[in-house]
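Protein chains: 4
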Amino acid sequence: MSKFKLAMIVALCAAVVVPAFTRTPQAPASSSAASAPDPKLPDSKLPDPKLVEDLVYANRILSDQGVVDAFGQVSARDDKDPNRFLLARSVAPALVTKADILEFDRNGEPIDARGRAVYLERFIHAAIYRARPDVKAIVHSHSPAVIPFGVTGTILRPIYHMSAFLGAGAPVFEIRNGAGMTNMLITDNKLGDALAKSLGGGTVVLMRGHGSVAVGDSILQVVHRAIYTEVNARLQAEAARLGPINFLTPEEAAKADAQTDSKASISRPWELWKSRIGKIE
Amino acid sequence: MSKFKLAMIVALCAAVVVPAFTRTPQAPASSSAASAPDPKLPDSKLPDPKLVEDLVYANRILSDQGVVDAFGQVSARDDKDPNRFLLARSVAPALVTKADILEFDRNGEPIDARGRAVYLERFIHAAIYRARPDVKAIVHSHSPAVIPFGVTGTILRPIYHMSAFLGAGAPVFEIRNGAGMTNMLITDNKLGDALAKSLGGGTVVLMRGHGSVAVGDSILQVVHRAIYTEVNARLQAEAARLGPINFLTPEEAAKADAQTDSKASISRPWELWKSRIGKIE
Amino acid sequence: MSKFKLAMIVALCAAVVVPAFTRTPQAPASSSAASAPDPKLPDSKLPDPKLVEDLVYANRILSDQGVVDAFGQVSARDDKDPNRFLLARSVAPALVTKADILEFDRNGEPIDARGRAVYLERFIHAAIYRARPDVKAIVHSHSPAVIPFGVTGTILRPIYHMSAFLGAGAPVFEIRNGAGMTNMLITDNKLGDALAKSLGGGTVVLMRGHGSVAVGDSILQVVHRAIYTEVNARLQAEAARLGPINFLTPEEAAKADAQTDSKASISRPWELWKSRIGKIE
Amino acid sequence: MSKFKLAMIVALCAAVVVPAFTRTPQAPASSSAASAPDPKLPDSKLPDPKLVEDLVYANRILSDQGVVDAFGQVSARDDKDPNRFLLARSVAPALVTKADILEFDRNGEPIDARGRAVYLERFIHAAIYRARPDVKAIVHSHSPAVIPFGVTGTILRPIYHMSAFLGAGAPVFEIRNGAGMTNMLITDNKLGDALAKSLGGGTVVLMRGHGSVAVGDSILQVVHRAIYTEVNARLQAEAARLGPINFLTPEEAAKADAQTDSKASISRPWELWKSRIGKIE
Numbered sequence: 645m646s647k648f649k650l651a652m653i654v655a656l657c658a659a660v661v662v663p664a665f666t667r668t669p670q671a672p673a674s675s676s677a678a679s680a681p682d683p684k685l686p687d688s689k690l691p692d693p694k695l696v697e698d699l700v701y702a703n704r705i706l707s708d709q710g711v712v713d714a715f716g717q718v719s720a721r722d723d724k725d726p727n728r729f730l731l732a733r734s735v736a737p738a739l740v741t742k743a744d745i746l747e748f749d750r751n752g753e754p755i756d757a758r759g760r761a762v763y764l765e766r767f768i769h770a771a772i773y774r775a776r777p778d779v780k781a782i783v784h785s786h787s788p789a790v791i792p793f794g795v796t797g798t799i800l801r802p803i804y805h806m807s808a809f810l811g812a813g814a815p816v817f818e819i820r821n822g823a824g825m826t827n828m829l830i831t832d833n834k835l836g837d838a839l840a841k842s843l844g845g846g847t848v849v850l851m852r853g854h855g856s857v858a859v860g861d862s863i864l865q866v867v868h869r870a871i872y873t874e875v876n877a878r879l880q881a882e883a884a885r886l887g888p889i890n891f892l893t894p895e896e897a898a899k900a901d902a903q904t905d906s907k908a909s910i911s912r913p914w915e916l917w918k919s920r921i922g923k924i925e
Numbered sequence: 645m646s647k648f649k650l651a652m653i654v655a656l657c658a659a660v661v662v663p664a665f666t667r668t669p670q671a672p673a674s675s676s677a678a679s680a681p682d683p684k685l686p687d688s689k690l691p692d693p694k695l696v697e698d699l700v701y702a703n704r705i706l707s708d709q710g711v712v713d714a715f716g717q718v719s720a721r722d723d724k725d726p727n728r729f730l731l732a733r734s735v736a737p738a739l740v741t742k743a744d745i746l747e748f749d750r751n752g753e754p755i756d757a758r759g760r761a762v763y764l765e766r767f768i769h770a771a772i773y774r775a776r777p778d779v780k781a782i783v784h785s786h787s788p789a790v791i792p793f794g795v796t797g798t799i800l801r802p803i804y805h806m807s808a809f810l811g812a813g814a815p816v817f818e819i820r821n822g823a824g825m826t827n828m829l830i831t832d833n834k835l836g837d838a839l840a841k842s843l844g845g846g847t848v849v850l851m852r853g854h855g856s857v858a859v860g861d862s863i864l865q866v867v868h869r870a871i872y873t874e875v876n877a878r879l880q881a882e883a884a885r886l887g888p889i890n891f892l893t894p895e896e897a898a899k900a901d902a903q904t905d906s907k908a909s910i911s912r913p914w915e916l917w918k919s920r921i922g923k924i925e
Numbered sequence: 645m646s647k648f649k650l651a652m653i654v655a656l657c658a659a660v661v662v663p664a665f666t667r668t669p670q671a672p673a674s675s676s677a678a679s680a681p682d683p684k685l686p687d688s689k690l691p692d693p694k695l696v697e698d699l700v701y702a703n704r705i706l707s708d709q710g711v712v713d714a715f716g717q718v719s720a721r722d723d724k725d726p727n728r729f730l731l732a733r734s735v736a737p738a739l740v741t742k743a744d745i746l747e748f749d750r751n752g753e754p755i756d757a758r759g760r761a762v763y764l765e766r767f768i769h770a771a772i773y774r775a776r777p778d779v780k781a782i783v784h785s786h787s788p789a790v791i792p793f794g795v796t797g798t799i800l801r802p803i804y805h806m807s808a809f810l811g812a813g814a815p816v817f818e819i820r821n822g823a824g825m826t827n828m829l830i831t832d833n834k835l836g837d838a839l840a841k842s843l844g845g846g847t848v849v850l851m852r853g854h855g856s857v858a859v860g861d862s863i864l865q866v867v868h869r870a871i872y873t874e875v876n877a878r879l880q881a882e883a884a885r886l887g888p889i890n891f892l893t894p895e896e897a898a899k900a901d902a903q904t905d906s907k908a909s910i911s912r913p914w915e916l917w918k919s920r921i922g923k924i925e
Numbered sequence: 645m646s647k648f649k650l651a652m653i654v655a656l657c658a659a660v661v662v663p664a665f666t667r668t669p670q671a672p673a674s675s676s677a678a679s680a681p682d683p684k685l686p687d688s689k690l691p692d693p694k695l696v697e698d699l700v701y702a703n704r705i706l707s708d709q710g711v712v713d714a715f716g717q718v719s720a721r722d723d724k725d726p727n728r729f730l731l732a733r734s735v736a737p738a739l740v741t742k743a744d745i746l747e748f749d750r751n752g753e754p755i756d757a758r759g760r761a762v763y764l765e766r767f768i769h770a771a772i773y774r775a776r777p778d779v780k781a782i783v784h785s786h787s788p789a790v791i792p793f794g795v796t797g798t799i800l801r802p803i804y805h806m807s808a809f810l811g812a813g814a815p816v817f818e819i820r821n822g823a824g825m826t827n828m829l830i831t832d833n834k835l836g837d838a839l840a841k842s843l844g845g846g847t848v849v850l851m852r853g854h855g856s857v858a859v860g861d862s863i864l865q866v867v868h869r870a871i872y873t874e875v876n877a878r879l880q881a882e883a884a885r886l887g888p889i890n891f892l893t894p895e896e897a898a899k900a901d902a903q904t905d906s907k908a909s910i911s912r913p914w915e916l917w918k919s920r921i922g923k924i925e
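Protein chains in written order, with this note's numbering: chain A, 645 to 925; chain B, 645 to 925; chain C, 645 to 925; chain D, 645 to 925.
Please note that a few of the clues may not be correct.
If several chains are the same, the list does not tell them apart, and a pair holds so long as it fits within one copy or across any two.
Stated by the list, open to error - Cross-link-like lysine-lysine pairs, in silico, DSS-like; alpha carbons within 27 Å at most:
{"hint": "1", "residue 1": "Lys899", "residue 2": "Lys834"}
{"hint": "2", "residue 1": "Lys724", "residue 2": "Lys907"}
{"hint": "3", "residue 1": "Lys907", "residue 2": "Lys834"}
{"hint": "4", "residue 1": "Lys834", "residue 2": "Lys694"}
{"hint": "5", "residue 1": "Lys724", "residue 2": "Lys899"}
{"hint": "6", "residue 1": "Lys694", "residue 2": "Lys923"}
{"hint": "7", "residue 1": "Lys923", "residue 2": "Lys907"}
{"hint": "8", "residue 1": "Lys899", "residue 2": "Lys841"}
Note that these hints are calculated values from the structure, not bench results.
Given the structure is predicted, the values throughout are model-derived calculations rather than measurements.
Go ahead and model the full structure; you've got the sequences and the hints to work with.
As structure tokens, then:
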């Protein structure tokens with residue numbers, strides 16, 4: 645039935661954006677599945693189509709804004725089943741379409757990969773969704789301005805109100821501590837759990853010699869945080885060359901965050917970023 | 645009557661740029677108002693349509709030139725009523741159209757918001773228009789290269805003739821001095837007044853942990869100043885890494901400013917920047 | 645007759661690029677002049693139309709490559725009359741068309757301005773053409789990476805073969821030395837002569853608190869030099885942060901320059917840069 | 645017959661992409677050759693058309709990604725004859741089409757230049773193909789972020805897993821050591837051999853005051869390496885300003901390289917980069 649559920653997602657997308665499926669030869673099969681739906685199917689259990697659409701926009705926006713290149717991923721917890729999450733097949737975020745979105749279980753295994761390659765680092769997402777019930781969306785990236793902070797011990801802290809979610813500063817995950825010499829990647833649940841532990845109750849964790857992870861209570865919030873983490877890193881590196889930095893205090897950060905992370909505040913850039921992407925498939 | 649006046653602005657815009665209003669469902673109502681104008685209306689009291697058009701261009705240009713992202717605003721004093729100013733509804737500057745321009749009173753309250761959300765920081769504009777009768781246009785931004793100067797105590801000074809308006813250097817507004825721990829934003833008239841006091845008789849004021857404000861005697865001048873404030877910050881930060889900087893002296897700055905802030909001089913980039921935007925709605 | 649000569653230039657351009665003249669109301673008058681040419685006119689005295697076309701491309705390329713913004717100019721010596729040079733009317737280089745090209749005498753005065761505003765700093769060009777008979781083309785710009793070198797005393801030197809034309813390093817013109825407190829601009833022939841003296845027999849001279857000038861024996865060469873002066877400044881500033889720089893020795897610079905400034909070598913980027921501009925008017 | 649073989653390459657391309665040849669007046673002659681093929685020709689000896697196509701994409705991608713400007717080249721060893729390699733005629737990489745690809749022998753001489761100018765530095769490629777039988781593709785560039793490392797003695801080392809192929813750090817070729825004062829270019833086989841010796845068994849070698857070279861076992865791998873060498877240089881330079889860098893250890897680099905240089909891993913960005921280029925000729 646989960647297979648059917650996924651076929652339904654695809655079919656649903658196909659119904660809305662048929663021309664997009666000129667790129668996905670799987671579509672005809674899905675369409676035929678869709679043309680004969682099981683009348684007993686609990687449709688309400690399918691992820692909200694808006695969630696799938698927002699996830700595709702999130703992929704494109706993060707690429708357009710320079711947070712991800714061909715690597716990095718954004719996921720969302722299934723709004724109907726909190727033990728599952730949505731994540732694209734292994735493909736560059738800039739190229740993700742609705743048909744590329746797959747569903748994964750709490751251990752990071754695809755419910756039905758439909759023959760497609762999946763991201764090696766899906767365990768980053770699985771582990772954090774397990775550890776943090778409040779988290780509804782996750783971005784992992786090699787966001788360029790953030791990398792230097794992960795390898796130098798310089799704490800990434802909020803230089804202005806827009807990145808107030810960084811609070812007292814982002815922790816750094818050192819994979820060597822638990823796992824010694826590795827290939828640097830989070831390729832299983834054990835490494836994922838260690839990373840989730842470094843993140844703790846925070847919003848962003850850096851990964852030494854690798855990248856970073858941002859979490860949020862919605863796709864809009866996590867995209868906002870991933871982008872302004874990168875912006876803050878650029879600004880902080882520039883400022884550090886001019887002299888000692890007068891950061892937001894933890895109290896200022898908490899107050900500013902209450903404002904800048906409000907729905908009204910994060911919706912404004914989201915609309916702008918979407919307008920740069922245009923229609924999606 | 646002020647309601648009618650605003651309806652007239654919208655109708656006027658509608659008459660010129662009808663297709664734009666496919667995006668503004670309010671338009672039909674406005675048009676009907678326009679189709680039955682009060683013959684006693686003092687039309688000459690409406691803001692110059694050219695002012696509204698220039699304000700829309702200013703929004704788009706500041707975004708295109710990287711001074712504003714989804715946040716930041718540009719306003720203009722009403723040329724017919726100096727106690728009022730024009731400012732867009734709460735929306736990313738890159739997306740502003742003529743129909744988004746609202747009018748505000750001297751306390752920063754919208755004359756008629758037409759049901760639209762307004763910028764939280766409109767008090768920046770209101771306070772400065774109150775304090776500085778010579779100011780006809782204001783830009784508030786989180787212009788990226790300027791942020792590091794606000795948090796490090798390094799004075800932003802004119803490195804070349806194009807930013808001579810910076811004179812002896814831009815002051816920095818420290819919100820902590822008067823208000824203690826805040827969310828960093830200028831959310832009322834008291835904070836606005838404090839900011840206006842820091843600006844004094846100057847052209848630009850930085851805001852620690854937040855952004856900056858530029859003022860001018862016209863939209864063209866303030867856009868010019870906001871853009872070259874950002875350029876100067878980039879150049880000064882680069883130069884500071886090479887060695888001690890030989891800045892323009894205050895006398896050189898005054899003489900250069902007389903030339904580079906002339907109408908002839910600021911019209912040239914304005915035409916270039918407009919050409920990059922194309923037609924507006 | 646010089647008036648006629650200029651009318652001929654315009655008419656020539658008009659003949660080739662008629663649609664361009666929808667932007668130039670002066671065109672019809674010029675065309676009528678062209679329709680009744682003086683049969684005794686020495687046509688061979690008109691500047692080569694290819695020179696005018698290359699000058700327009702040079703304007704567009706320098707803008708596209710980030711060497712000029714709305715300010716800065718590029719000129720070429722008249723191939724038929726070495727006492728004259730070609731330079732656009734006062735307009736942003738990105739917007740220059742063939743119809744904007746005017747001719748100036750050895751003192752920097754327009755032969756026939758056709759009612760158009762001319763650049764304030766045309767004396768930079770006039771003075772250098774007077775002082776350096778070998779110079780056939782000149783670029784003046786506020787090229788951003790170069791500005792910091794002009795104000796810090798750090799010598800701009802060739803970091804790699806592509807900027808070997810910088811030789812033992814570019815001199816800096818300090819306008820204060822001869823003229824005291826000024827508006828920083830080269831607004832007359834006396835200041836122009838002082839600048840030309842600082843340039844000496846070199847290829848590039850920086851102007852403290854203002855910009856820089858590159859010269860060449862052709863439009864292609866001067867565009868090449870202006871662009872790679874900017875690139876060298878970027879690279880040198882980056883390298884200076886890593887440690888002491890092993891520059892090209894003067895001997896290496898001379899040998900590399902003989903290769904990289906060859907016609908074959910500078911034609912390759914010119915074709916690439918032109919391809920980014922497309923057709924011109 | 646080698647002349648014929650090349651004519652066949654051109655004809656093959658022509659058959660696939662006829663409209664492209666509006667740019668290549670040589671096409672008709674080639675076509676006529678193609679219309680009367682020698683039935684005895686060992687067609688299997690022609691380079692794989694996919695190899696030629698990938699080489700054109702490599703040229704365009706390296707330009708689009710900022711690794712090459714008008715200068716720099718990418719070559720591929722002939723898959724049918726290991727003593728030959730494919731390289732474009734002398735033209736900016738962004739403008740390369742299939743018809744521009746020529747074949748060279750092990751000494752760097754064109755098999756048949758078809759009257760076209762060839763790159764002066766083809767000896768870089770010839771020498772490395774002679775010295776390193778494992779190398780199937782080579783990129784030479786003036787990749788901007790890498791230049792500062794070549795002239796300051798700062799070792800370029802892997803800052804994160806994506807550039808793990810840098811291993812223990814890239815060597816620097818000092819042309820002065822063997823050749824004294826030169827024009828900095830690799831203009832013959834002797835200089836090429838000296839460069840190949842500096843490269844040794846490595847993946848990347850920097851060239852002081854000039855540029856760098858990356859090698860790989862496929863076009864995809866070498867493009868991947870050239871791009872992430874540039875990215876690593878940018879990140880390392882930024883990090884160096886924040887403090888001492890915790891680089892990947894040689895063991896981490898080896899393990900990460902095994903993952904990030906896998907076919908699956910390097911195919912993902914390749915598809916993204918190709919999608920930015922679109923159809924090629």
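Evaluation of the provided hints:
Taking the shortest Cα distances, Lys899 and Lys834 sit within 27 Å of each other only across copies (18 Å), while inside one copy they are farther apart (36 Å). Proximity of Lys724 and Lys907 under a CA criterion of 27 Å is satisfied intra-copy only: 22 Å inside one chain copy versus 36 Å between copies. With identical chains, the CA atoms of Lys907 and Lys834 are at most 27 Å apart between copies only, with a shortest distance of 26 Å across copies and 34 Å within one. With identical chains, the CA atoms of Lys834 and Lys694 are never at most 27 Å apart, being 32 Å at best within one copy and 42 Å at best between copies.
Taking identical chains as interchangeable, the C-alpha atoms of Lys724 and Lys899 are never at most 27 Å apart, the minima being 32 Å within one chain and 39 Å between chains. Taking the shortest Cα distances, Lys694 and Lys923 sit within 27 Å of each other inside one copy (14 Å), while across copies they are farther apart (33 Å). Only within a single protomer do Lys923 and Lys907 lie at most 27 Å apart by alpha-carbon distance; the minimum there is 23 Å, versus 32 Å between protomers. With identical chains, the CA atoms of Lys899 and Lys841 are at most 27 Å apart both within one copy (26 Å) and between copies (24 Å).
Consistency note: the structure conflicts with the earlier hints numbered 4 and 5.
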